[in-house]
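**Student:** The hints should help you fit chain B onto chain A, whose structure is shown.
Chains A and B, in that order, are what the protein sequence lines are. If you want the working numbering, it's the position in the first sequence, counting the first as 1, plus 53. If you want the working numbering, it's the position in the second sequence, counting the first as 1, plus 11.
Hints are supplied without guarantee of correctness; some may be wrong.
Claimed, not checked - Quick list of in silico lysine to any residue cross-link-like pairs, SDA-like style, CA-CA up to 20 Å: (1) B:K233 with A:G95; (2) B:K336 with A:G345; (3) B:K233 with A:V88; (4) B:K233 with A:H85; (5) B:K233 with A:S344; (6) B:K87 with A:M186; (7) A:K349 with B:D281; (8) A:K355 with A:L71; (9) B:K87 with A:V184; (10) A:K89 with B:A256; (11) B:K254 with A:T203; (12) B:K277 with A:D207; (13) B:K233 with B:G261; (14) B:K233 with A:K349; (15) B:K336 with B:T62; (16) B:K117 with B:A100; (17) B:K277 with A:H85; (18) B:K191 with A:G345; (19) A:K349 with B:D188; (20) B:K336 with B:H293; (21) A:K89 with B:D259; (22) B:K194 with A:I176; (23) B:K69 with A:G199; (24) B:K254 with B:H293.
If you are wondering where the hints come from, they were derived from the structure by calculation, not from laboratory data. Keep in mind that this is a model prediction, so the values were computed, not measured.
Residues per chain, in single letters:
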Amino acid sequence: MTNLMQHRLFLPLLALALILLANLVLSPEFFHLEVKDGRVYGSLVDVLNRSAPCALLAIGMSLVIATGGIDLSVGAIVAITGAVCANLLNSSFDTLPLVILAALAVGLAAGMVNGSLVSIFGIQPIVATLVLMVAGRGIAQLINSGQIATFQNDTFASIGIGSLLGLPAPVVIAAVVFLLVQFAMRFTALGLFIEASGCNPRASHYLGLNVRVIKFLVYCVSGLCAAIAGMVITADIQGADANNAGLWLELDAILAVVLGGAALSGGRFSLPLTMIGVLIIQAMSTTIIMSGIEPKYNLIIKSLVILVVLLLQSPSFRQQLRGLSGARNSLGGKA
Amino acid sequence: MRFLFCLLLPLALLGCGESTEKKSAGDTNGDSNKALVIGFSQVGSESSWRTSFSESVKAEAARRGIDLKFSDAQQKQENQIKAIRNFVAQGVDAIIVAPVVETGWKPVLTEAKRAGIPVVIVDRNMALDDDSLFLTRIASDFVEEGRKAANWLMEATNGTCNIVELQGTVGATAAIDRMKGFKEVIAEHENARIIRTQTAEFTRSKGKEVMEAFIKAEQGGKNICAVWAHNDEMAIGAALAIKEAGLDPGDDILIVSVDAVTDIFKAMADGDTNATVELSPHMGGPAFDAIEAHLQGKTDIPKLITINGDVFTQATAAEEYAKRKK
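One chain only, chain A, in its complex shape (with noise of 0.2 Å):
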């Protein structure tokens, strides 16, 4: 028992678990599944294809939180990758890979220019990035003329409502990544390398590893995530919105990283945790709105339960719960 509450994974699912049981109380049509015109269809659902795009950004985001970075141009990067979709599409240049092409190649350029300015000019990276946060998104008005830039597509919209596999599609893009950039950290020696270079890039580099071009590609991949995330918000509302479009995005992606227990120190990631802690974001998000709380308390909502998670993971703040109890024996149940 005690083996099992100490794993790494315990903390988070059970948060998730405990977020998902509110719901039994609240609004029980939320675990009703069914199949309708071949996909799987329910709140739960709605949950994972909901979490895609922010699932999708903490992927790149818990690589660069790893080697002691940070990456606040994603929801930025989300935006302009919108734009140039959405007026591509609305072009002569409308055929489905161009359009891929043309928006992965925008997101490995944003992340370069973060990348290089973090691992060759030696900018902290918090300031680095805010340049493209704050950039990003007037690059993304620009293309888009100030407007919202709708277009009618559907082969390009299947990549934000289609299903595959019974699922919606962002689930399965979501989970490809994932499973491809898990596979590379846990198969091969990248992950060690990237955390190396976080937890102590002095000794690293005296052992032979290159931490100017992990961090680099550290911040390409970052990118590269951003901007299939893009695709994903875009082509589901078939328009792009380069005021909205991933805003505040990556502050969740940040969360979802640090819920994951992640040091934001850097050295320490993990890619299971993370995504744990991006559907604990997305089913809160989905419960207010299920359970018919009024909208002005949503945000206190979600901060206390964050602070109660956070704290929950606090190795000092658990040992004093665990004095408290061995004294007084009465918040035995709780912890």
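**Tutor:** Below, chain B without anything else, positioned relative to chain A:
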């Protein structure tokens, strides 16, 4: 149009030179040959509604032969304050401001008042304790928009309807007032009620996400008769969600919204949404009317002039869409 502009441009330039020489309210004798010079400080171009608002003011100025000095503040108050100071320094006849925020305007408006230049506030409000600082305020009546939307819906459903509401950003004046006006009317119909309400932050993607959840919470949407969205963007998002749930938006579930942006006319023409109340972007006309009246020496100008938009339905949607599409 271009011909008219060529004709007006020299006239306007002439007026510009003259106004610096003798600039006092009494001098303008109604329809003199001298063109009015008016400075307009706009918030920016953050939405398509804002763009059509700017275009409408420019077109109205061109129609009246007014030399409009347009300044885009890019959503920053300091740019607006700079622009107003510039207008004062240039000695314009009047200033129109669409403020980005409510507070912090007193010093710069006092400067304009000392220079004897009337200021008209359009769209959003300014928090001012001294109403001699501005000539008048032109604004939409958000409460009335809510009432109009509700009246349309009650007529379409004979007063029997389970409504889900997509609210705007929590705390936004437009959201609070539209909600209030809508509820007022709904309260008079005992078989109509709002069964679910949640914010979708005025955006299309949130509108879709919230509607998805509502449909699932209300027996696959069978329980929902209509969606009331505080703006068109959320309505379009809701229509997407309803379609994906295998229902027909505009038919199985009615959709009524506010704003009348170009995209909603296409949605209405396609039968996806039902009605929209126009948030009129045509504030230029009333603003120029007030300024001209003031310069002619009239003193009975009300401090608040509200303008109301019309309700548009599917009947005229295709026609309106063709008209509004650039």
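**Student:** Check each numbered hint from earlier against the structure, then list the numbers of those it violates in ascending order.
**Tutor:** 2, 7, 14, 17, 22 and 24
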